[in-house]
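Colleague: These are the residues of each chain, in order.
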Amino acid sequence: MITTDICIIGAGPVGLFTVFEAGLLKMRCHLIDALPQVGGQLSEIYPQKPIYDIPGYPEVKAQDLVDNLMKQIEPFNPTFSLGERVDHLTKQDDGSYVVTTSDKTKVHAQVIVIAGGLGCFEPRKPVLENLENFEGKGITYMVKDPEQFRGKKVILAGGGDSALDWTIFLSDVAEKVTLVHRNETFRGAPDSAAKVFDLANNGKIDLILSSNLTKISGNGHLQSVTMKNKAKEELVVDTDYLIPLFGLSPKLGPIADWGLNIDKNAIEVDTTDYSTNVERIYAVGDINTYENKLKLILCGFHEAALMCHSAFKYVYPDQKLSFKYTTVNGVNSF
Amino acid sequence: MVTFEVEDHDGNRQSIEAPDDMGLSLMEVLKASEYPVLATCGGMALCATCHVEVLEGKDGLGEATDVELDQLEALPEMFDTSRLACQIRISEELEGAVFKLRGEEN
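Those protein sequence lines, which keep their order, are chains C and F. Each residue of the first sequence is one higher than the one before, counting from 1 in full-length UniProt numbering. Each residue of the second sequence is one higher than the one before, counting from 1 in full-length UniProt numbering.
Note that these hints are calculated values from the structure, not bench results. Accuracy of the hints is not assured; some may be wrong.
Pairs of lysine-lysine, DSSO-like flavour, derived with a Cα cap of 30 Å [claimed, not checked]: (1) C:Lys293 with C:Lys26; (2) C:Lys264 with C:Lys71; (3) F:Lys31 with C:Lys144; (4) F:Lys58 with C:Lys61; (5) F:Lys31 with C:Lys125; (6) C:Lys264 with F:Lys100; (7) F:Lys31 with C:Lys232; (8) C:Lys228 with F:Lys31; (9) C:Lys293 with F:Lys100; (10) C:Lys230 with F:Lys100; (11) C:Lys313 with F:Lys31; (12) C:Lys264 with C:Lys232; (13) C:Lys230 with F:Lys58; (14) C:Lys251 with F:Lys100; (15) C:Lys251 with F:Lys31; (16) F:Lys58 with F:Lys31; (17) F:Lys58 with C:Lys91; (18) C:Lys195 with C:Lys125; (19) C:Lys295 with F:Lys31; (20) C:Lys125 with C:Lys137; (21) F:Lys58 with C:Lys204; (22) C:Lys61 with C:Lys251; (23) C:Lys215 with F:Lys100; (24) C:Lys232 with F:Lys58; (25) C:Lys26 with F:Lys58; (26) C:Lys26 with C:Lys125; (27) C:Lys153 with C:Lys232; (28) C:Lys232 with C:Lys144; (29) C:Lys125 with C:Lys215; (30) C:Lys137 with C:Lys61; (31) C:Lys320 with F:Lys58; (32) F:Lys58 with C:Lys293; (33) C:Lys293 with C:Lys324; (34) C:Lys71 with C:Lys61; (35) C:Lys232 with C:Lys125.
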């Protein structure tokens, strides 16, 4: 079990800066993020986009800001669990919490800070009747272990880079690969699209274009997928697996079940310290909501500073917090 | 000012009046009008959560850019009349148009 003072859920810019503010008060931090790298939206969605409203930076690229934040928190030696989603939160008798992730990592912390931005990025699902009944029983939204599909019949759906890349890869692994796409052309990488057309022309895969998924069937496990083309003609294809690859969308995930007051997918907080309605749980950055909330990185930074000063009383219940300016003795003296 | 209609996820239509001289996007007007538009990326055509279907008035909108089409094509559901609200500028061409919300609700 990992033991820390503050467990930060979300390693985006605000989560990272929370480490700095906590570090100034001698509080240790462990960060958890569902994405495999730090930086949140900035690194995942728009690393090369310039940002113009960070004080002191007339212009900074999103990834450069993340890199600088990592450098800024280096002196405080934070620890990370990346590529793991927070699943459970268990309150301990002394008021502290144990967080359990999707990979069963356990983190014991005095304080929980949710800096989850937009939430976890989860797969977009096709609108199909009984979809949930076949999830894990033939329907999967990502390829974690390609060997799972060796010698199996696999249908992939989608027209983006993921669908193209996995179609190419699985054509050498699966017994039969079918790619279904609603259009006649692909907007993914031209090289990948050309490879997919070559595989289809050489009979290595089945390519079904201008068609949409309409029905899934099976007896306990997925057995067939029905699709319909633009002429409304139906085609039923037998399969062991269906992998819909329609991109990711942010969702609050298990956090929604923690008893927090939530309004429109955001966590309600007290603006005096950004605490939630649950003691020792704070929410900072884009994931919180309050009157006149502005979803700006710099607002998240401010929230992180106030939050850390409030959290101090849980980490050091016997100490009085005395505020210090970093300009006096620098960071290392804290 | 320009007036157009918006149909929500439940099929209710409402007339919206918006200024056509402020450089606003349809996404910004929808959010300001309290529609539950997620608009995750804030208008950069990076998330497709502001997906709308243009029921009437498509001709006045011009063609979608490649960036917009890339996002739309990644969705499980796309129509010939699909657009991203963040990529539609409020202009007089929108007069009388009808948009149906298709994106994920906030």
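Colleague: Give a verdict on every hint.
Modeller: Checked hints:
1. Restraint check: the Cα-Cα separation between Lys293 of chain C and Lys26 of chain C comes to about 29 Å, which is no more than 30 Å; the hinted pair holds.
2. Taking the CA atoms of Lys264 of chain C and Lys71 of chain C, the gap is near 34 Å; set against the 30 Å cutoff, the hint is violated.
3. Annotation: proposed proximity of Lys31 of chain F to Lys144 of chain C is violated, straight-line Cα distance about 37 Å (limit 30 Å).
4. This hinted pair does not check out: Lys58 of chain F and Lys61 of chain C have alpha carbons roughly 35 Å apart, beyond 30 Å.
5. This hinted pair checks out: Lys31 of chain F and Lys125 of chain C have alpha carbons roughly 24 Å apart, not beyond 30 Å.
6. Of the supplied pair hints, the one linking Lys264 of chain C and Lys100 of chain F holds, its CA atoms being roughly 20 Å apart against a limit of 30 Å.
7. For the given pair, Lys31 of chain F sits about 36 Å from Lys232 of chain C by alpha-carbon distance, which is inconsistent with the 30 Å threshold.
8. Of the pairs offered as hints, the one joining Lys228 of chain C and Lys31 of chain F is violated, with about 35 Å between alpha carbons and a cut-off of 30 Å exceeded.
9. In summary, the hint linking Lys293 of chain C to Lys100 of chain F is supported, as the alpha carbons are separated by about 28 Å, within the 30 Å threshold.
10. This hinted pair checks out: Lys230 of chain C and Lys100 of chain F have alpha carbons roughly 22 Å apart, not beyond 30 Å.
11. Distance restraint check for Lys313 of chain C and Lys31 of chain F: the Cα-Cα separation of roughly 39 Å exceeds the 30 Å cut-off, and the hinted pair is therefore not satisfied.
12. For a cut-off of 30 Å, the pair hint linking Lys264 of chain C to Lys232 of chain C is broken: about 38 Å separates their Cα positions.
13. Of the pairs offered as hints, the one joining Lys230 of chain C and Lys58 of chain F holds, with about 21 Å between alpha carbons and a cut-off of 30 Å not exceeded.
14. Simply put, Lys251 of chain C and Lys100 of chain F have alpha-carbon atoms about 22 Å apart, close enough for the 30 Å limit, and the pair holds.
15. For the given pair, Lys251 of chain C sits about 19 Å from Lys31 of chain F by alpha-carbon distance, which is consistent with the 30 Å threshold.
16. For a cut-off of 30 Å, the pair hint linking Lys58 of chain F to Lys31 of chain F stands: about 21 Å separates their Cα positions.
17. This hinted pair does not check out: Lys58 of chain F and Lys91 of chain C have alpha carbons roughly 54 Å apart, beyond 30 Å.
18. Note on Lys195 of chain C and Lys125 of chain C: the hinted pairing holds, with a Cα-Cα distance of about 26 Å set against a maximum of 30 Å.
19. Restraint check for Lys295 of chain C and Lys31 of chain F: satisfied, since their Cα atoms lie roughly 14 Å apart, inside the 30 Å limit.
20. With a C-alpha separation of about 15 Å, the suggested pair Lys125 of chain C and Lys137 of chain C falls inside the 30 Å cut-off, and the hint holds.
21. A hinted pair counts as satisfied when its Cα atoms are at most 30 Å apart, and Lys58 of chain F with Lys204 of chain C does not qualify at roughly 40 Å.
22. Proposed proximity of Lys61 of chain C and Lys251 of chain C is supported: the alpha carbons are some 26 Å apart, at most 30 Å.
23. For a cut-off of 30 Å, the pair hint linking Lys215 of chain C to Lys100 of chain F stands: about 25 Å separates their Cα positions.
24. Annotation: proposed proximity of Lys232 of chain C to Lys58 of chain F holds, straight-line Cα distance about 24 Å (limit 30 Å).
25. Between Lys26 of chain C and Lys58 of chain F the CA atoms are separated by roughly 58 Å; this puts the pair beyond 30 Å, and the hint is violated.
26. Taking the CA atoms of Lys26 of chain C and Lys125 of chain C, the gap is about 44 Å. The hint is violated against a cut of 30 Å.
27. In summary, the hint linking Lys153 of chain C to Lys232 of chain C is supported, as the alpha carbons are separated by about 25 Å, within the 30 Å threshold.
28. Between Lys232 of chain C and Lys144 of chain C the alpha-carbon distance is near 34 Å, which puts this suggested pair outside the 30 Å criterion.
29. Pair hint Lys125 of chain C plus Lys215 of chain C holds up; C-alpha atoms about 13 Å apart against a cutoff of 30 Å.
30. A hinted pair counts as satisfied when its Cα atoms are at most 30 Å apart, and Lys137 of chain C with Lys61 of chain C does not qualify at roughly 43 Å.
31. Between Lys320 of chain C and Lys58 of chain F the alpha-carbon distance is near 64 Å, which puts this suggested pair outside the 30 Å criterion.
32. Between Lys58 of chain F and Lys293 of chain C, the direct Cα distance comes to roughly 35 Å. Violation of the 30 Å bound is thereby established for this hinted pair.
33. For a cut-off of 30 Å, the pair hint linking Lys293 of chain C to Lys324 of chain C stands: about 28 Å separates their Cα positions.
34. Between Lys71 of chain C and Lys61 of chain C the CA atoms are separated by roughly 15 Å; this keeps the pair inside 30 Å, and the hint holds.
35. Between the alpha carbons of Lys232 of chain C and Lys125 of chain C the distance comes to roughly 22 Å, so the proposed pair stays at or under 30 Å and holds.
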